[in-house]
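Participant: Taken in sequence, the protein lines are chains A and B. Under full-length UniProt numbering, residues 1 to 520 are what the first sequence spells out, in order. Under full-length UniProt numbering, residues 1 to 520 are what the second sequence spells out, in order.
Treat the hints as calculated values from the structure; they're not laboratory data. On a predicted model such as this, the values are computed, not experimentally measured, just so you know. Just so you know, nobody snuck in bad clues.
Ranges between beta-carbon positions, derived for each pair:
id: 1; chain 1: A; residue 1: P44; chain 2: B; residue 2: E458; range: 31 to 39 Å
id: 2; chain 1: A; residue 1: N42; chain 2: B; residue 2: S518; range: 49 to 57 Å
id: 3; chain 1: A; residue 1: E55; chain 2: B; residue 2: A444; range: 22 to 30 Å
id: 4; chain 1: A; residue 1: G442; chain 2: B; residue 2: G91; range: 22 to 30 Å
id: 5; chain 1: B; residue 1: T111; chain 2: A; residue 2: H439; range: 35 to 43 Å
id: 6; chain 1: A; residue 1: E67; chain 2: B; residue 2: F270; range: 53 to 61 Å
id: 7; chain 1: B; residue 1: G438; chain 2: A; residue 2: A51; range: 28 to 36 Å
id: 8; chain 1: B; residue 1: E227; chain 2: A; residue 2: A51; range: 46 to 54 Å
id: 9; chain 1: A; residue 1: D420; chain 2: B; residue 2: A110; range: 28 to 36 Å
id: 10; chain 1: A; residue 1: E55; chain 2: B; residue 2: E227; range: 49 to 57 Å
id: 11; chain 1: A; residue 1: E55; chain 2: B; residue 2: G438; range: 22 to 30 Å
id: 12; chain 1: B; residue 1: D517; chain 2: A; residue 2: L395; range: 55 to 63 Å
id: 13; chain 1: A; residue 1: N42; chain 2: B; residue 2: F270; range: 22 to 30 Å
id: 14; chain 1: A; residue 1: A59; chain 2: B; residue 2: S321; range: 53 to 61 Å
In silico EDC-like links for lysine to aspartate or glutamate, alpha-carbon gap of 20 Å or less:
id: 15; chain 1: A; residue 1: K451; chain 2: B; residue 2: D318
id: 16; chain 1: A; residue 1: K417; chain 2: B; residue 2: E47
id: 17; chain 1: A; residue 1: K417; chain 2: B; residue 2: D50
id: 18; chain 1: A; residue 1: K226; chain 2: A; residue 2: E506
Ideal Cβ placement from N, Cα and C applies to all residues, glycine included.
There are 2 protein chains.
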Amino acid sequence: MTEAAQMAGERAGRRGRSGGGAARRAERTAVSVETARFIERNIPDYEVLDARAIEVIEANAETVLEEIGVVFSDNPEALERWRQAGAHVDGERVRIPRGLARKLCATAPATFTQHARNPARNVEIGGRNLVLAPVYGPPFVRDAEGGRRYATIEDFRNFVKLGYMSKWLHHSGGTVCEPTDVAVNKRHLDMLLAHMVYSDKPFMGSVTAPERAQDCVEMCEILFGKEFVAENTVMTSLININSPLTFDGIMMGALEVYAKANQACIISPFIVGGAMAPVSVAGTLTQVLAEALAGVAYSQLVRPGAPVIVGAFVTSIDMNSGAPTFGTPEASLITYGMGQLARRMGLPYRSAGAFCGSKLPDAQAGYESANSLNMGLMSGVNFMLHACGWLEGGLVASYEKFVMDADQLGALHQMAKGVDVSEEMQAMDAIREVGPGGHYLGCAHTQANFKTAFWRSEAFDYKPFETWDEEGARDTQTLASARVAKLLGDYRQPPLDPEIAQRLTEYVEKRKASMSDSFS
Amino acid sequence: MTEAAQMAGERAGRRGRSGGGAARRAERTAVSVETARFIERNIPDYEVLDARAIEVIEANAETVLEEIGVVFSDNPEALERWRQAGAHVDGERVRIPRGLARKLCATAPATFTQHARNPARNVEIGGRNLVLAPVYGPPFVRDAEGGRRYATIEDFRNFVKLGYMSKWLHHSGGTVCEPTDVAVNKRHLDMLLAHMVYSDKPFMGSVTAPERAQDCVEMCEILFGKEFVAENTVMTSLININSPLTFDGIMMGALEVYAKANQACIISPFIVGGAMAPVSVAGTLTQVLAEALAGVAYSQLVRPGAPVIVGAFVTSIDMNSGAPTFGTPEASLITYGMGQLARRMGLPYRSAGAFCGSKLPDAQAGYESANSLNMGLMSGVNFMLHACGWLEGGLVASYEKFVMDADQLGALHQMAKGVDVSEEMQAMDAIREVGPGGHYLGCAHTQANFKTAFWRSEAFDYKPFETWDEEGARDTQTLASARVAKLLGDYRQPPLDPEIAQRLTEYVEKRKASMSDSFS
Chain A
1 MTEAAQMAGE RAGRRGRSGG GAARRAERTA VSVETARFIE RNIPDYEVLD
51 ARAIEVIEAN AETVLEEIGV VFSDNPEALE RWRQAGAHVD GERVRIPRGL
101 ARKLCATAPA TFTQHARNPA RNVEIGGRNL VLAPVYGPPF VRDAEGGRRY
151 ATIEDFRNFV KLGYMSKWLH HSGGTVCEPT DVAVNKRHLD MLLAHMVYSD
201 KPFMGSVTAP ERAQDCVEMC EILFGKEFVA ENTVMTSLIN INSPLTFDGI
251 MMGALEVYAK ANQACIISPF IVGGAMAPVS VAGTLTQVLA EALAGVAYSQ
301 LVRPGAPVIV GAFVTSIDMN SGAPTFGTPE ASLITYGMGQ LARRMGLPYR
351 SAGAFCGSKL PDAQAGYESA NSLNMGLMSG VNFMLHACGW LEGGLVASYE
401 KFVMDADQLG ALHQMAKGVD VSEEMQAMDA IREVGPGGHY LGCAHTQANF
451 KTAFWRSEAF DYKPFETWDE EGARDTQTLA SARVAKLLGD YRQPPLDPEI
501 AQRLTEYVEK RKASMSDSFS
Chain B
1 MTEAAQMAGE RAGRRGRSGG GAARRAERTA VSVETARFIE RNIPDYEVLD
51 ARAIEVIEAN AETVLEEIGV VFSDNPEALE RWRQAGAHVD GERVRIPRGL
101 ARKLCATAPA TFTQHARNPA RNVEIGGRNL VLAPVYGPPF VRDAEGGRRY
151 ATIEDFRNFV KLGYMSKWLH HSGGTVCEPT DVAVNKRHLD MLLAHMVYSD
201 KPFMGSVTAP ERAQDCVEMC EILFGKEFVA ENTVMTSLIN INSPLTFDGI
251 MMGALEVYAK ANQACIISPF IVGGAMAPVS VAGTLTQVLA EALAGVAYSQ
301 LVRPGAPVIV GAFVTSIDMN SGAPTFGTPE ASLITYGMGQ LARRMGLPYR
351 SAGAFCGSKL PDAQAGYESA NSLNMGLMSG VNFMLHACGW LEGGLVASYE
401 KFVMDADQLG ALHQMAKGVD VSEEMQAMDA IREVGPGGHY LGCAHTQANF
451 KTAFWRSEAF DYKPFETWDE EGARDTQTLA SARVAKLLGD YRQPPLDPEI
501 AQRLTEYVEK RKASMSDSFS
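Hey, can you work out the whole structure from these sequences and the hints?
Facilitator: Dropping the structure here:
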């Protein structure tokens, strides 16, 4: 019996309790972990495209779809769906008449709810909302003590735990790091199990093969109940487009599984500018829009109404070294622009993250990540993957950077509130009370409001120089190391019905027993 | 004879050359230093205040001026000016009837040119422009090798040199650090001389006493010619309001000197939220607007048409420790909001900077500074003081942070260009040429545009992990140290007419000889 099966807990309250004494004991000892509600923006979107730019880019994207077309590789069924829909299919090339893709996109919902096993953690994806999810995909991890090394399933579980403990993170994410010590064909089982048992936040499913996506659906049926999954979205999974203009059979196979099961997909071009798209903002936006239109349209051919998110993962390139670069102005312009285009499609938008190219959680990482996080908030992103923990161009999940970024996400929540001009916040009585030359610290308005007035970092240093110096003159990374240790030390598993935990474990064990290890 | 007098050089081209062989030798050996033109924004301003919020805040600011009023301390002449203008003066309290301050502000110019001794470095302040100037005021400096220590005149000169060598910095600034080894009453002479001889970018004058402001005017008359100074703005100086609602005699005395001489002042509340203003965004905006209206109006009473900039230096406070905090969301909201209010006054706006509370140029410094720099660009700031070098809440000028921030300023330039939808930048030919599954690196469009396509940091690391690791796994601070050394090593003085240099030195020596050292 594995760790998961040993857990005591209770099933999420939505569908009533089960389990006996173990569940009740777990409930009594559970640590209450505060998670902020997803961000509801009360600030405007920042829009860099004027009416003419939008017109040009949207027209060009239709031209790309109509004249150049897209490729659906290794996927005869997809070609047949497109043919039926009225596209011109030539080999694997699909040319889509003007307006058809956008028309097909219209059946996708503007917003949807992704359910968590703890309903208090459900997220609404779309509209004015912003849902924050951690880093996705790094094969390496780094911490101050151990340096950079291949990620393991233990690291994976640690990052799920850190995500669960992070107040400003609404989502447990997906491949928070690659558990390289587990066979490739079995990883998804251990990863999904970890999200399910170590966290009660919503999560993502596997996309590395259609049958692995199917495993994820079946595990969700155990966790949430088969009927519930048939009627509700419980996974949001990341489907990358193979830019330029190519949709490969494996990713589309996973999309088909999820769309048929009414589970959400992020349909996302993955673009290093200058390599997978032109070296211009307008050209890249054109291609990204064409890819998004084709991808979303295809999801609606599979199942009209299937929930999707329009994605844009776009970064620039260092033309000296060929390395992708992050937190750069061109990527910001594209992110802002694609936000406008996604809103005009009437769909939720995924982009941005705590992107950086730095090898260390140092000043470079701070500048680049803050640039990216700010653009994410202000471009109207609805689902921000990679919102914390990303290092070295996404090759590395950093323990210290995870908690630094996760802390900064609190600033986004506060910023999103906008300006409150209620009578209390106008503070005219305070200005009168204090008067010229006075001091606000002691006035009644300050006393009444100071606890919630200013966002406060829990990861940064605010101490006087002398105190900070006496305490060892610690930099942000050193402070973050201590915070990682504290959060992991304080971590307690959220309650889960032991019967469900056991069924999940049995499913994973049975599936694993049916396969031989594969590392591809 | 001092260093300045020994310099060879030539006077800026505008008013013809003078000087002989020494000047010609200097010209031959001078290093050409590239400085970017000030930013001309092709992107929109970000606006957080809706029509109702603007109406409420503007009405409340008038109520503050009318009912609470402002104090002009130790300044009978100012009180008399206000009385003549129609305000109600009671002791040192000045109550300004609704609308009067705003009406008086109307004579201030919407934009003005600040001249540099090298006319290629002139800056236009106002409109869609953004002029970037370095850190102002720190009594300490820090570098990786020497740690934190009191600043000296040698540090001051080094920072002026670094500013001169920084491509993205348009302005040499003012008190880039406090030369604490020079008597307080003589510092302004050495500081101004350093800006004049070690740089050819525009600079700021002293504001610590009216007679020191007068010295600055007279030194400018030597540098630019008396007639030129009478007709043109050659200094932009920082006049802080003693918030809440107090204008002290010394600062106003300096303002009076500059305004009479048609030199520009930044009239700027200096606010730590919760201490010098209410703990709410709307309340702080109300007070800042009231202070700005009163201060600008006063400048126009001194000399209608005198160039001014509306300032807002606003930061939040850590209610646990009382320390000011930087790069926080409340400060961003205030900065965005005050940008809107300043534009409605029709005046140039000063705010933001590379603000941070961190003691070190570490990740905290990076996040906080990037937050502040981005808000500065997007809030429509026209003059950004503290755009580089700021550390530890402004107590410290950091060598390493100076070059890190100065590098990031390049990203603001690129971002400000916005989205170009010219036919070339639409890149449709490239998308056609490459097609689905292709690669853009070699295509004609990429070849034609890659050199200018993406902004590239000169301070950050973009190397592959292995190369970076072999080269010592340097963090941003370590890389920045090397950059500081290189820039200072490459530095060459910009040419200056030796006769002018000598007259400046003589002026400084004569003025110093007339005073005994004072350290207050």
